[in-house]
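Turn these sequences into a full structure, and let the hints guide you.
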Amino acid sequence: MTLIHLFIFVPILVALLIPFIGKWFPKLHLGWAAFPVPVLLFTFFLAKIPETADGGSIYGSISWIRALDLAFAVHLDGLSLIFTLLITGIGSLVVLYSIFYLSKEREPLSHFYAYLLLFMSAMLGVVLSDNMMVLYVFWEMTSISSFLLIAFWFRRKKSRYGAQKSFLITVGGGLSMLVGFIMLYTMTGTNSIQEIISMRDAISDHQLFVPALILILIGAFTKSAQFPFHIWLPDAMEAPTPVSAYLHSATMVKAGLFLVARFTPVFGGEAAWFWLVSSVGMFTMFWGSFTAVRQKDLKALLAYSTISQLGLIMSLFGLGSAALQGGASIESVVYTKAIFVALFHLVNHSTFKGALFMVVGIIDHEVGTRDIRKLGGLLSFMPVTFTLAVISGFSMAGLPPFNGFLSKEMFFTAALQAGSMDIFSMDTWGLLFPIVAWIGSIFTFVYSMFIVVRTFLGPYRRERLEKTPHEAPVGMLISPIVLCVIIVVLFFIPNVLSHYLLAPAMNSVLPSYQGMEGLVPHIAAWHGFNLELLMTAGVVVFGFLLMKTYRSWQGVYELFPENRSIDRGYQWLLIGSEIGSKKATNLYMTGFLRNYLYYIYGFLLLSVGGTLFLTDGLSIRLSNDVPVALYEMLLVFIMAAAGVSILFTKSRMTAALLNGVLGYSIAIFFVLFRAPDLALTQLVVETVTTVLFLLCFYHLPEWSKEDRALKVRIPKIIISVGMGILTVLLALSVQGNKLFDSISSYFEDSYDLAGGRNIVNAILGDFRAFDTMLEVVVLFIAGVGVYTLVKLKTPKGADDHERK
Amino acid sequence: MRENDVILQTVSKVAVFIVLTFGVYLFLAGHHHPGGGFIGGLMLSSAFVLLYLAFDVETVNKGLPFDYKKVAALGVLIATLTGTGSLVFDSSFLSQTFAYFNLPIFGKTELATVMLFESGVALGVIGVVVTIIISISEDV
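Residue numbers (the numbering used here), protein chains in the order written: chain A, 3 to 806; chain B, 636 to 775.
Simulated from the structure, these hints should not be mistaken for laboratory data. Where hints are given, some of them may not hold.
As the list claims (entries may be wrong) - In silico EDC-like pairs for lysine to aspartate or glutamate, Cα to Cα no more than 20 Å straight-line:
hint: 1; chain 1: A; residue 1: 793; chain 2: B; residue 2: 773
hint: 2; chain 1: A; residue 1: 160; chain 2: A; residue 2: 299
hint: 3; chain 1: B; residue 1: 705; chain 2: B; residue 2: 773
hint: 4; chain 1: A; residue 1: 793; chain 2: B; residue 2: 691
hint: 5; chain 1: A; residue 1: 793; chain 2: B; residue 2: 702
hint: 6; chain 1: A; residue 1: 298; chain 2: A; residue 2: 465
hint: 7; chain 1: B; residue 1: 704; chain 2: A; residue 2: 777
hint: 8; chain 1: A; residue 1: 793; chain 2: B; residue 2: 693
Here it is as structure tokens:
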């Protein structure tokens, strides 16, 4: 157990306290209660830089279930550190920003900050876990908190739709990733990612290697909104803007990139990995930027731009994985540059996209609309916001003197290198990479300019705006200002970042290259008149032309109508599966209790009875049985008489009492056969159920002799007689068969092992305590279920409203 | 549940204490003798059920102002948290331990962590059983 374990859970613990803080200090904006958490964590992880800067890592493990190789293991290396700093750093700024963005009077803030802190813990868990199963749990926790945050304004239909969509797609991908993890586990026998990395060469020829690779990639692609799974991200923009800035641009959507980076040492060098990651990423980059240009809503524009940028980073990870083909060598070290750029751009993207989202949030907050057609001429009203938009927008477009310029140039270098690769049959297709990258960058330039030009310049039309615009309060400006300062500073001192953060991360993504010459390139703003600079110049020129002539070519988008998009496919699938499952359910949910009993007992009869006869398990040997005493016979006779009489009773009360006779007789049997625990339980349970039964009398209809038609009665008779015979046969065969050695000798040591002489309870509370714990949970769920069914009925008339 | 049966009420007043005592005994005896958290909890809840049968819900709630849903939730929480407690001592989830102590009145007594776990089970059972019975009876 290390301090890191504790710090992963600090946000969740504070999240638990948030509602109480809200009660104790009703005047406090809850954001101030949440704010210290990410700041504290940020300084904690910042202090870890020296430990990872020279390629070191911190490892700590808490064992959990050893038999399943489940351990809460954390592994902090260069790669995790970048992400933890992004999560906590951007997290601090977003919380600060949200304090001024969300109104204390109108919004349920305790929900907001509890969800946000839950997310922070989950995301830290994802990037720090070394155990794949634990990583998976945290991974899904990010999906859940994202779902809750998107649906924060849950009264809006679109919020609920967006939340459901993102949840279905990311959790679906997560499940596929889980299957991939399980495949890796069956190949290696361990859940530890670091151990799997060290076993890489031994498993690369395994037949499950490529399937596991594809399944894990699906998980990464859905989370990082890669084509064709990108459709959830634009709808996720229904979340409050601080959430979009945090989850849906800076951190959660980068979890997929993290996963790809983390598993590059395992799968890198495989052709399928190279092609899938680089081509999906590259196409997503192009498609995202192309679609972003047509958007009218500023947040939707930023969503598509995020998709595009994520694709860019993804493709770089793919291209860089070529360095692992045929092992690490000094010749292929040149390919590692792509991974370096990917990590660099990952940091840059978080800074400028975070700032842009905050700028759009400010516009939305102060002007009342995000529609790009209504906005214009805000420069004179919001000069500071304008400056921030210029810095972050130009950085995104890849212009100097901002950090985006550096990584964009290096992206071109990596794409050009890909064009000249001679592995993975890149000599035929490789040229496509620089071309697509360049075209995508032109569109990136166009939409970046749109954000600045169409919002802040152009004619000002007051009548189209909801409020008279004015500059945002200082509190809202602090966070984007900090980000913009980082954007500029990183341009001038990129090599400091590279030395402390990117180089250690390179070592963890490419462990086989550790410390090799040329692994960490020197970042320079000026690198002579080369092809990259020419490409950037081309981007600016063509981008400017496209922007000016947008009206004349926007007809291109008519070629991709809304009703033939992937989005439509998703909706069709959603509605289709709803209708289909409804039909299937209606087929067997008849509303008759007897039908449900048919299903249950019929299934039991077929499965248990079938197994009994197919496996020849039926063997009745009465020779070993003890002789039956007279009073036992008597008891059996009483039970049989009570059982048969139930069939002929006229009132429910009599039936219930006769049923009680059966229950108490069983208790007497338990006493006779020396099972006092069971007898006690049976007695009390029988009493409580009888009370329950009597209570339910109020709700039951008159005891009417129902349909006496033969058609109804015959199946009933068959099922009940069949079940009776089956039970008797089972009980007798259990005595006659002895398949396994008895395990009771182990439990007989209960006094030494568990300090208790009562074996039954030693099993319940100690040996198999996990079962008992889950049983209590199940019991609780059942209790809550009964309560909600009985108490929280919708009043009559409100029923239809609720279903819509 | 609205009853006004003098005999039932008089008997219950005495019987409830016997049942409650027996329930507590069962709970504590479970380590070495028949009993334990589940049966103890059931026995205690049957005492509560008897009270609710003999008197009406409002009267009993005045005397025993518990929210049984919260009791059940507390029980489940204890049962799961005692499991995580063992993690702090670097042993696996839900592992139990025991030791012998010399207590003033009881003399040499065995104290086991399983008792904490079982108290969670007992509270869970009490909470769930009484919640179900009350919510169905109030629905009349």
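Quiz item: residue 793(A) and residue 691(B): Cα distance at most 20 Å?
Solution: holds (18 Å)
Self-check item: Distance restraint between residue 298(A) and residue 465(A), which requires alpha-carbon spacing of 20 Å or less
Solution: Cα-Cα ~18 Å, so holds.
Quiz prompt | Pairwise hint evaluation, residue 702(B) against residue 793(A), where the allowed Cα distance is 20 Å at most | solution = Within the cut-off at roughly 14 Å; holds.
Quiz item: Keeping to a limit of 20 Å between CA atoms, is the pair of residue 705(B) and residue 773(B) held or broken?
Solution: Holds, at roughly 18 Å.
Self-check item: Given hint residue 777(A) paired with residue 704(B) - CA-CA distance at most 20 Å
Solution: holds (17 Å)
Quiz item: Are the Cα positions of residue 793(A) and residue 693(B) separated by 20 Å at most?
Solution: Judged against 20 Å, a Cα distance of about 17 Å means the pair holds.
Self-check item: Holds or violated: residue 793(A) to residue 773(B), with C-alpha atoms at most 20 Å apart
Solution: Given pair residue 793(A), residue 773(B) holds - Cα atoms ~9 Å apart, limit 20 Å.
Quiz item: Keeping to a limit of 20 Å between CA atoms, is the pair of residue 160(A) and residue 299(A) held or broken?
Solution: This hinted pair holds, its Cα atoms lying about 15 Å apart.
Consistency note: the structure conflicts with none of the earlier hints.
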